[in-house]
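Chain order of the listed sequences is L and X.
For our numbering, add 608 to where a residue sits in the first sequence, where the first one is 1.
For our numbering, add 608 to where a residue sits in the second sequence, where the first one is 1.
Please note that the accuracy of each hint is not assured.
Put simply, identical chains are the same to the list, so a pair is met inside one copy or across any two.
[To be verified] Pairs of lysine to any residue, SDA-like flavour, derived with a Cα cap of 25 Å:
1. Lys-617 <-> Gly-761
2. Lys-617 <-> Ser-729
3. Lys-617 <-> Ala-792
4. Lys-694 <-> Asn-626
5. Lys-617 <-> Arg-732
6. Lys-719 <-> Ser-729
7. Lys-694 <-> His-745
8. Lys-617 <-> Val-842
9. Lys-784 <-> Arg-730
10. Lys-719 <-> Glu-681
11. Lys-719 <-> Leu-682
12. Lys-617 <-> Arg-840
13. Lys-694 <-> Arg-738
14. Lys-694 <-> Arg-838
15. Lys-694 <-> Tyr-808
16. Lys-694 <-> Leu-734
17. Lys-784 <-> Ala-641
None of these hints come from the bench; they were simulated from the model.
In this text, all values refer to a predicted model and were calculated from it rather than measured experimentally.
Number of protein chains: 2
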Amino acid sequence: MSTTRRWLKLTVAYDGTNYAGWQFQPSEPTVQATLAEAWCSITGEQPTLTASGRTDAGVHALGQVVGLVTNSELPAERLLQGLNAKLPDDVMVRAVETAPDGFHATHDALKKLYRYQIHNSRVRPLFDRRYRWHVPHELDVASMQAAAVHLVGRHDFACFETTGSERSSTVRTLTKVEVGQGGAAGEQIDIEVEGDGFLYNMVRGIVGTLVEVGRGAREPNWVAEVLAARDRRVAGPNAPAHGLVLVWVEYAE
Amino acid sequence: MSTTRRWLKLTVAYDGTNYAGWQFQPSEPTVQATLAEAWCSITGEQPTLTASGRTDAGVHALGQVVGLVTNSELPAERLLQGLNAKLPDDVMVRAVETAPDGFHATHDALKKLYRYQIHNSRVRPLFDRRYRWHVPHELDVASMQAAAVHLVGRHDFACFETTGSERSSTVRTLTKVEVGQGGAAGEQIDIEVEGDGFLYNMVRGIVGTLVEVGRGAREPNWVAEVLAARDRRVAGPNAPAHGLVLVWVEYAE
């Protein structure tokens, strides 16, 4: 008698507005608990779900990756449809795939892309209000782009780490920090940050720092000083959670 | 002693999700009551607010126009800022302007544009779920465009009027019925309908009818028969409210 133990990789999207983040917490709604409950109702299994990383309360995902081990023999397509039928309308599974034996969504992640969404207008956003940070003072995108250049590459990003985490190294490599502008009146400013790993609150610290430059409080070159200082107190404030979206996570084939 | 009685024109945007429509109803949240309350808290006046037209429960607006008469001497800019400070985050005043004496937002409207937003994908929408109708079966946009052509012009639109209204004539002129496609995978189908007036549920009836054609249940020419029948039972079902947006209303200068 053999069981069909399989490793699976789920690609999950969620609107984080109504969740206390990814990670399970007693008596708080979390994405992990919501997904585990849906899984259980389809397969009868209490799964151990491992995400590429925790997302904080209010942070959204288009392509969070979640790994699990299952004995269920349901085909991937059935699992996908079943989960989406059970999940609430603010959580969605976009793909269910077989993963290599021993797959670990956190440790095996090679690269991630985060997008931070700003609504830059005197007038507050309406339909986007859950997904964009409202910055009412005018931002200079060219300055923000000039500042962002300093962040690309392998650096010690200690200046952007909110204290309380226990990582041994604060060195990470960012392969892209791009500031783009869109919307009918240029009011949408999106900051995309791609890297091999992220410290706690790192993207929100980067965005808060770039906005200091964008509103003219600092020169673009200030960002080089911030990096060199390796001190969280030197950088700008963290941008709020609700503008942040985890777009995708890359793994080795 | 003279009072400064003025007519004002407010351009108002709202997310209709949490409202029982524009029109005041006892013990139900409505956009009209919400806006009246904000006005009262700024000026002390209990205003009579007249909109270009009622929007149903769940229908959104980017540019609803609301008229009122006021004795307040506050400048337009102060009213705009004051109202937006008082309004909840799902209602917003985009402009406050002086209107001609006797301005009536309903009767003086010359033209309106509605946009109906569809999410056409097997997978349900996530971030757009409050603003797009999820149509899971594939829609043929070219057929819908061919069908839409029949609707442009001056016609008796009785076939698209939900019963219960008391209008004397069901003849209206549509100057545009456009079916567009967007989104990363073409999943966003937007139907724009511009006209000099609309019967009750007319746009939702048009959209439900075009979707019958798009999914292949009917040929594009069927729409000409529907129009000619002048019978609501012949047309397709009404599309749901939450995909509908009142984009703008035009008045004579």
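Hint check results:
1. Lys-617 <-> Gly-761: neither (29 Å within a copy, 53 Å between copies)
2. Lys-617 <-> Ser-729: The answer is between: 22 Å across copies meets 25 Å, while 40 Å in one copy does not.
3. Lys-617 <-> Ala-792: between (38 Å within a copy, 23 Å between copies)
4. Lys-694 <-> Asn-626: both (17 Å within a copy, 24 Å between copies)
5. Lys-617 <-> Arg-732: Only across copies: Lys-617 and Arg-732 sit 20 Å apart there, 38 Å inside one copy, limit 25 Å.
6. Lys-719 <-> Ser-729: neither (32 Å within a copy, 28 Å between copies)
7. Lys-694 <-> His-745: Between copies, since 20 Å is at most 25 Å while 43 Å is not.
8. Lys-617 <-> Val-842: Answer is neither: 39 Å inside a copy and 48 Å across each miss the 25 Å cutoff.
9. Lys-784 <-> Arg-730: neither (29 Å within a copy, 33 Å between copies)
10. Lys-719 <-> Glu-681: Classified as neither; 30 Å inside a copy, 58 Å across copies.
11. Lys-719 <-> Leu-682: Neither. Shortest intra-copy (30 Å) and inter-copy (55 Å) distances fail the 25 Å Cα cut-off.
12. Lys-617 <-> Arg-840: neither (35 Å within a copy, 49 Å between copies)
13. Lys-694 <-> Arg-738: Both. Shortest intra-copy (24 Å) and inter-copy (19 Å) distances satisfy the 25 Å Cα cut-off.
14. Lys-694 <-> Arg-838: Cα proximity of Lys-694 and Arg-838: none, with 46 Å in one copy and 42 Å across.
15. Lys-694 <-> Tyr-808: Neither, since 31 Å and 36 Å both go past 25 Å.
16. Lys-694 <-> Leu-734: For Lys-694 and Leu-734, the Cα distance is within 25 Å only across copies (15 Å; inside one copy 29 Å).
17. Lys-784 <-> Ala-641: Classified as neither; 32 Å inside a copy, 48 Å across copies.
Violation of the numbered hints given earlier is confined to hints 1, 6, 8, 9, 10, 11, 12, 14, 15, 17; the remaining hints are satisfied by the structure.
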